[in-house]
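Chemist: First to last, the protein sequences are chains A and B. All letters in the first sequence, in the order written, are residues 1 to 327 by the numbering used here. All letters in the second sequence, in the order written, are residues 328 to 689 by the numbering used here.
Please note that a few of the clues may not be correct.
Stated by the list, open to error - DSSO-like mimics (lysine-lysine), calculated; alpha carbons at most 27 Å apart, straight line: (1) A:Lys201 <-> A:Lys226; (2) B:Lys618 <-> A:Lys320; (3) A:Lys265 <-> B:Lys674; (4) A:Lys222 <-> A:Lys20; (5) B:Lys610 <-> B:Lys630; (6) A:Lys201 <-> A:Lys222; (7) A:Lys321 <-> B:Lys684; (8) B:Lys540 <-> B:Lys338; (9) A:Lys201 <-> A:Lys313; (10) B:Lys676 <-> A:Lys321; (11) B:Lys353 <-> B:Lys618; (12) A:Lys320 <-> A:Lys222; (13) B:Lys533 <-> A:Lys46; (14) A:Lys190 <-> A:Lys226; (15) B:Lys674 <-> A:Lys320; (16) A:Lys321 <-> B:Lys353; (17) B:Lys380 <-> A:Lys313; (18) B:Lys530 <-> A:Lys22; (19) B:Lys349 <-> B:Lys624; (20) A:Lys313 <-> B:Lys684; (21) B:Lys380 <-> B:Lys684; (22) B:Lys624 <-> A:Lys313; (23) A:Lys265 <-> B:Lys530; (24) B:Lys349 <-> A:Lys313; (25) A:Lys320 <-> B:Lys684.
Don't read these hints as lab results, they were simulated from the structure. Values in this document were obtained by computation on a predicted structure and should not be read as measured data.
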Amino acid sequence: MAELTLLQAINKALEQQMEKDKSVVVFGEDAGFEGGVFRVTAGLQKKFGEDRVFDTPIAEAAIVGNAIGMAINGLKPVAEIQFSGFMFPGYNQIVTHAARMRNRSRGKYGVPMVVRMPYGGGLRALEHHSESLETLFAHIPGLKLVIPSTPYDAKGLMIAAIQDPDPVIFMEPKRIYRAFKQEVPDQEYKVEIGKARVVKKGEGMTVVAWGAMMRETQKALKRLEKENIDVELIDLRTIAPLDYDTVLESVKKTGRLLVVSEQVKSLGIASELITRANEEAFLYLEAPPMRVTGHDITVPLPKGEHHHMVDEKRIAHTIKKLANYEV
Amino acid sequence: MILTSFDPLKKEQFQVLDKDGKVVNKDYEPKIDDDTLIHMYKTMSLARVADIKALQYQRQGRMLTFAPVQGQEAAQIGPMAALDKKDWLVPAFREAAAMLYKGVTLEQSYLYWYGNERGSQFDEGVNVLPVNVPIGSQINHASGVAYASKIQKQDAVALAYIGDGGTSHGEFHEGMNFAAVYNAPLITIVQNNQYAISTPRAKQTKSETIAQKAVAYGIPGIQVDGNDVLAMYAVVKEARERALKGDGPTLIEAFTYRLGPHTTSDDPTIYRKDEEVEEWKTKDPLIRFRKYLTNKKLWNKDKEEALQEEYKKLVNDTFKKVEASGLVELDDVFKYNYAEMPRDLQKQKEAYEAYLKESEEN
Ligand SMILES: Cc1ncc(C[n+]2csc(CCOP(=O)(O)OP(=O)(O)O)c2C)c(N)n1
Numbered sequence: 001m002a003e004l005t006l007l008q009a010i011n012k013a014l015e016q017q018m019e020k021d022k023s024v025v026v027f028g029e030d031a032g033f034e035g036g037v038f039r040v041t042a043g044l045q046k047k048f049g050e051d052r053v054f055d056t057p058i059a060e061a062a063i064v065g066n067a068i069g070m071a072i073n074g075l076k077p078v079a080e081i082q083f084s085g086f087m088f089p090g091y092n093q094i095v096t097h098a099a100r101m102r103n104r105s106r107g108k109y110g111v112p113m114v115v116r117m118p119y120g121g122g123l124r125a126l127e128h129h130s131e132s133l134e135t136l137f138a139h140i141p142g143l144k145l146v147i148p149s150t151p152y153d154a155k156g157l158m159i160a161a162i163q164d165p166d167p168v169i170f171m172e173p174k175r176i177y178r179a180f181k182q183e184v185p186d187q188e189y190k191v192e193i194g195k196a197r198v199v200k201k202g203e204g205m206t207v208v209a210w211g212a213m214m215r216e217t218q219k220a221l222k223r224l225e226k227e228n229i230d231v232e233l234i235d236l237r238t239i240a241p242l243d244y245d246t247v248l249e250s251v252k253k254t255g256r257l258l259v260v261s262e263q264v265k266s267l268g269i270a271s272e273l274i275t276r277a278n279e280e281a282f283l284y285l286e287a288p289p290m291r292v293t294g295h296d297i298t299v300p301l302p303k304g305e306h307h308h309m310v311d312e313k314r315i316a317h318t319i320k321k322l323a324n325y326e327v
Numbered sequence: 328m329i330l331t332s333f334d335p336l337k338k339e340q341f342q343v344l345d346k347d348g349k350v351v352n353k354d355y356e357p358k359i360d361d362d363t364l365i366h367m368y369k370t371m372s373l374a375r376v377a378d379i380k381a382l383q384y385q386r387q388g389r390m391l392t393f394a395p396v397q398g399q400e401a402a403q404i405g406p407m408a409a410l411d412k413k414d415w416l417v418p419a420f421r422e423a424a425a426m427l428y429k430g431v432t433l434e435q436s437y438l439y440w441y442g443n444e445r446g447s448q449f450d451e452g453v454n455v456l457p458v459n460v461p462i463g464s465q466i467n468h469a470s471g472v473a474y475a476s477k478i479q480k481q482d483a484v485a486l487a488y489i490g491d492g493g494t495s496h497g498e499f500h501e502g503m504n505f506a507a508v509y510n511a512p513l514i515t516i517v518q519n520n521q522y523a524i525s526t527p528r529a530k531q532t533k534s535e536t537i538a539q540k541a542v543a544y545g546i547p548g549i550q551v552d553g554n555d556v557l558a559m560y561a562v563v564k565e566a567r568e569r570a571l572k573g574d575g576p577t578l579i580e581a582f583t584y585r586l587g588p589h590t591t592s593d594d595p596t597i598y599r600k601d602e603e604v605e606e607w608k609t610k611d612p613l614i615r616f617r618k619y620l621t622n623k624k625l626w627n628k629d630k631e632e633a634l635q636e637e638y639k640k641l642v643n644d645t646f647k648k649v650e651a652s653g654l655v656e657l658d659d660v661f662k663y664n665y666a667e668m669p670r671d672l673q674k675q676k677e678a679y680e681a682y683l684k685e686s687e688e689n
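Extracted from the complex, chain A is given alone in its bound form (with noise of 0.2 Å):
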């Protein structure tokens, strides 16, 4: 056992997978001699060489494209994408190609990637370092979407999409990179892709989150002590495929729902989550299903994202808005 930040806990997952298997491959925008601009793949290419560690040129759609062409011929890729806002070049390649070639091959080719890019918002960064995107992922067939919220799971989450037979987007709540260790066994482990996990078991209502608002909410949990509202908290550390069984189960025992995300308000997991909630669990619903989210516009610079990012504060405030809610 170690304690790690969730950071350090993806770099030894990468290394552990990288010595055990020599497929594995890494490789990214600075994330060769200088291990990445966060560091995540830092000591890498000094322990397992440049062949299997590199830097490559600005060209996301060659990262993902390379990726592929390495998956179907043998290799693990593991692609990095420096910053989310910046995956787009990538998303052709991973849209038209990574996500089909199984279906349209029908089995013959399959491709084996993880493509990791940090995400989120809340650390007053530069413009496009801030977005949420995983919609764009989750909605595309063919294609997996993890987001680790505690350095535990981002460590069994990143050999477990290694191990997959799938492309496997893993997208990484860089806000909390470095905000708080946890025991992570040094042993391999895998948590498994397409499993939410019960955080805090509860009867009056069900809350979802996942990355960096994992967090938010369990301050608003905090904040909410004396309030007597049992939670049952969920993390979704999957996002696609999603684990609807373990969410609606959650929803028909407590009767109501209440999903926090950092996305714009539309069309997002939340949208999903509310929707199979109504569709499946609905004769058990107490109260209407509620989300906290930003709003539909530009994720806003610095100076105006507390506008738009979600807070422990508001999260509280619909948690007891949707605790009183009366039919």
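Given chain A's structure and the hints, the job is docking chain B with the ligand onto it.
Modeler: What follows is chain B with the ligand alone, placed relative to chain A:
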């Protein structure tokens, strides 16, 4: 003609001023009137002071992350001085000096990096596009701006900037190719400052020079001493004339160096040696230009001291004003997403305002 005399495939580099400010290429020394020369020097100096100060503010926690210009002033001011007011500047993200010359105010420039969109709301008649962070994409915009200028007979060119790393991007290639096919009046300046964050230029492309990529587009390409403001001026002047005659784009590689960090979040000591930085400091574009002006009796020590004092004060006062601007109003983050706010967005805003009011009362 400079563009036909320097062969990009022979690794030739065009220079007018050497690092001591001596004219080494008399034939190509541009004829620039004294007022313009001084205005060029002053803008370079202002950009430098603003840069150094911003770094200080950033270290004090008063400024957010930004991309310093230091060392690249000549590659930006020379070209801008060769443009006409109606020509377009399409920057990447490290062109604060060029933007200043082209009419973006220091206050706007600071405001952008300070995290306020109003910093991209330039004054009427300032033909400058906002800072462009997604690498490569601006080359296509510039090509489109140039194409529109051509078919509407606006008699104006578009000048785009990109970094050495940016030339690896598909969009760089696509934009250059597009503009070349249609003879769009585009000038693209690649500021080859030797690094893309930590990645050295040699890892971006196997081409010996970036200028030689022009050969494949069927357009002129030239490598220029990017720390030589007169060389940069002269070559852009010629590229502009070509473009306006309908002869199409030009690719200019400005061979230069970023003296500062990539951004304030970057630690350059990880990937480059101090000696290398020291070596480049001797080629500082400001020193070279100052010597030239001093030789021409247009500048002296007293003027320099007075200017430094004036700009320190100007920069300080401007930054204080920017700091005093505080946070962005709620209205502003909603009202510019569309020309007319959709009804549902209006409702989202009202719901949020109601929440704010409610949570204030509690
Ligand atoms: C499409 C895209 N990918 C990645 C980034 C992240 N990024 C910002 S600056 C930079 C390096 C740019 O190097 P270069 O083009 O040489 O310009 P310089 O920073 O040296 O001025 C990178 C990779 C980005 N802004 N856009």
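Chemist: Against the structure, test the hints numbered earlier, and report the numbers of the ones violated in rising order.
Modeler: Of the numbered hints, 2, 4, 14, 16, 17, 21, 22, 23 and 24 do not hold.
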